[in-house]
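**Student:** Residue numbers (the numbering used here), protein chains in the order written: chain E, 78 to 191; chain Z, 5 to 119.
These are calculated hints, taken from the structure and not from any lab test. One or more hints might be untrue.
[Claimed, not checked] Taking CB as the label site, the calculated pair distances span:
| hint | chain 1 | residue 1 | chain 2 | residue 2 | range |
| --- | --- | --- | --- | --- | --- |
| 1 | Z | 82 | E | 119 | 24 to 30 angstroms |
| 2 | E | 131 | Z | 88 | 23 to 29 angstroms |
| 3 | Z | 76 | E | 122 | 21 to 27 angstroms |
| 4 | Z | 80 | E | 128 | 15 to 21 angstroms |
| 5 | E | 155 | Z | 17 | 43 to 49 angstroms |
| 6 | E | 116 | Z | 80 | 36 to 42 angstroms |
| 7 | E | 97 | Z | 117 | 17 to 23 angstroms |
Note that CB positions come from ideal geometry on N, CA and C, so glycine has one too.
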Amino acid sequence: GNSVTQMEGPVTLSEEAFLTINCTYTATGYPSLFWYVQYPGEGLQLLLKATKADDKGSNKGFEATYRKETTSFHLEKGSVQVSDSAVYFCALSIVGNAGNMLTFGGGTRLMVKP
Amino acid sequence: GAGVSQSPSNKVTEKGKDVELRCDPISGHTALYWYRQSLGQGLEFLIYFQGNSAPDKSGLPSDRFSAERTGGSVSTLTIQRTQQEDSAVYLCASSLLAGVSGEQFFGPGTRLTVL
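Pulled out of the complex, with its shape left as it was, chain E reads as follows (with noise of 0.2 angstroms):
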């Protein structure tokens, strides 16, 4: 079957320290993979995407590598804010199962201190 691990949180880091939550995956055909962010009282939102090997989804300053080789898609970031502190979930589909049905990794909390 299809599944994502991520790393456990808490993760605490102090503003403008540098970011790598770590993501890897098992996948029975050839998944889109996906990083998803809750902050605080909202809902879930689509943070970046990459749909085949070596592409590199960004967005918000956030960057993720889709790694076949080592089935690994690690959300990075240079320089955190306070903003930032949210929960972040990997993800991947594969067209055709359940449409495009998200499995989801457990999520890893993001705290940045001041």
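Based on these hints, arrange chain Z on the given structure of chain E.
**Tutor:** Okay, now just chain Z, sitting in the frame of chain E:
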């Protein structure tokens, strides 16, 4: 424009009662998904609708769960004879098309508490 809306935002019920949760997808979105977010299980897929086609129910945890989508738009998730383990946030998402790697837009969720 309007996003995905869900109602109610919070629902508290007693064990054994039936509940109905509503989702209004973004207008024009043909694909609709229900997910559940709980402490023990994380985020898990429940059911998928594509237009007026028969739904994919492969994620429903038991036969107490059912869902329908009327006119290819609004969807209702029904949980019969609720149990305490049904307590969770129920999320609805819609996307413009299925079968492509498109973005799913999520609603704010319904927080269900079963006493």
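**Student:** Checking each numbered hint in turn, tell me which of them this model violates, lowest number first.
**Tutor:** The structure breaks hints 2, 4, 6, 7; every other hint is satisfied.
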